[in-house]
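Just so you know, the protein sequences line up as chains A and B, in that order. Just so we're aligned, residue 1 is where the first sequence starts under this note's numbering, counting upward by one. Just so we're aligned, residue 1 is where the second sequence starts under this note's numbering, counting upward by one.
Misleading hints may appear alongside valid ones.
No distinction is drawn between identical chains; accordingly, a pair holds when it is met within one copy or between any pair of copies.
[What the hints assert, rightly or not] Straight-line C-alpha distance at most 27 Å; calculated BS3-like pairs for lysine-lysine:
#, residue 1, residue 2
1, Lys45, Lys146
2, Lys294, Lys114
3, Lys310, Lys114
4, Lys45, Lys285
5, Lys45, Lys310
Derived from the structure by calculation, the hints contain no laboratory data.
2 protein chains.
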Amino acid sequence: MKKYSILFVLICFAAILSAQTNKKYVLVIHGGAGTILQSTMTPEKEKLYKQGLQNALNAGNTILKNGGTALNAVEAAIKVLEDDSLFNAGKGAVFTNEGKNELDASIMDGKTLKAGAVAGVTNIRNPITAARAVMDKSEHVMMSGKGAELFAAANGCTIVDPSYFFTTQRWNDLLDAKKEDSLKALHKDSTKALLRQPDNHDYKYGTVGAVALDMYGNLAAATSTGGMTDKRYGRIGDSPIIGAGTYADNNTCAVSCTGWGEYFIRLVMAKTISDKMEFAHENLKDAADDMIIKKLPALGGDGGLIAVDKDGNFTMSFDTDGMYRGYVKSNGETGIEIYK
Amino acid sequence: MKKYSILFVLICFAAILSAQTNKKYVLVIHGGAGTILQSTMTPEKEKLYKQGLQNALNAGNTILKNGGTALNAVEAAIKVLEDDSLFNAGKGAVFTNEGKNELDASIMDGKTLKAGAVAGVTNIRNPITAARAVMDKSEHVMMSGKGAELFAAANGCTIVDPSYFFTTQRWNDLLDAKKEDSLKALHKDSTKALLRQPDNHDYKYGTVGAVALDMYGNLAAATSTGGMTDKRYGRIGDSPIIGAGTYADNNTCAVSCTGWGEYFIRLVMAKTISDKMEFAHENLKDAADDMIIKKLPALGGDGGLIAVDKDGNFTMSFDTDGMYRGYVKSNGETGIEIYK
């Protein structure tokens, strides 16, 4: 009888272990959507972008493979993209009209619906860690400006001199944008001209994002951005707004957006995809495609998103020429793409 | 034959006029939800609150009655509440930890899905007019801090010295809050104690809001707040966030929220009610009650909202002891209430 008891315990133990470790995981990332054309890309530059995406996938995959959480995986992937000057987030952030770098980020836990976000921070090396700190260590969801920086510093985030964010490429982008803006201002009401969206969205803005399903069935989403080149008036886009640029709910999906932020705010993009799944029983791909391919351009916007659902299905939907994107699954399937 | 033509034209003209003027309109407003008990209210104070709500209803009703738009009506109603020091918005704004007044507001047009918001502004007499200016005169949706103030000043909003927002009542509230916070800090980790939500939500925060359906079938929503007493770290609540505190879509409804902002952000409250109507075909009251009476307290939050749908049905749902609220309809029906 005792022998059977031991066997039973061993079988239970194996079953629990197998239930935990056999469960699938998925990580999907993006590095921004826009006018990304193969014709204007050099093979060297393409290689660098793909390597940057691969590094982010590796960071997140290592965590998920070893039984880590979706939340830790998306944060780790975003940190790699923030530290890579190719992407408009963290080190590669674009410049505001005043020649500053103002960063936004947000993160959400699909299990608890807890969320954290920072807007307009200038000295936090990895804004996504500040967003995570807001979520984990405060009862707030969103902090902004100097207040957010004070909180981040008091809660273990790496603080850098704002000059850390300087890159020659982004500075030249600002000079180009200003030149273009002042030329247009000659022909139009100057306030309006300076507020208009760019003709070439690509060099003006970008975002990085990550969504994941871990082996425990938990979803998480995170987004980080350096904002819009030449932006003024303390403009806040969709990236730090829960429901617009970022959303995660274990009952439906995790979503991270990139594109013309104002339209993503007006459509409350990320939450609407979750709601279409919950209330209209649409599948993830149909919900995302309807919003990105139909509703978004119908309103006049463009961009894309990545999303993963509670069953591990994922989608990378965009209506622009390209979107830097990649994914990795627990079964080893992986891919990195740039163009349509 | 000519006589008939004239008659036909006259009938057409009357039909058009009747189609325009016979159509119903509705305006609903709130002045915040919280621990509002009849037992702690004096008859004099109650009269003042009711008069404040009546003034706001009158301002919006005059516009709607004369064929004005829902957008103008909600802005006008909010301006009256912002100018009334009884309500935590505009002149009655609460103080931050640093002894400042930082105001947030947002507005949305259900016809175009255009929206505008300002966060953390300190010198704009009526933040709702700044939110309206962001919507009407820029291609952005959300502006914050000094940038938003600069934009508002350049676009005709009345700028005041920050001392305009000083009221003895709110200053004493801050002193009380600080005393309570420092007492709690003795017993807990100080950072956490200062970040925790208040035991008595009522004196800590409040919001004003308005939603309307005009006689052309257009919906609009607007929300304005002075934030949370003793708030730190540039905290942004749900009021300036499109989808959380404010949403309007002619296909569904217009919503303005009040309460513990963090929970409204995490639930993306206003947009979810719209989505429940659009995708789950729920009626307005069921959608609002499910979110406010079930989902919100289940997550740990509290508060309320006002909403009107495209057919003129409206609801004023809350799970607190009271919510300052009122409505007026084109048929003359009107009401003002405070308690449950």
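Evaluated hints:
1. Lys45 x Lys146: neither (36 Å within a copy, 38 Å between copies)
2. Lys294 x Lys114: Classified as between: cross-chain Cα gap 18 Å, same-chain 30 Å, threshold 27 Å.
3. Lys310 x Lys114: within (17 Å within a copy, 32 Å between copies)
4. Lys45 x Lys285: neither (30 Å within a copy, 55 Å between copies)
5. Lys45 x Lys310: neither (35 Å within a copy, 52 Å between copies)
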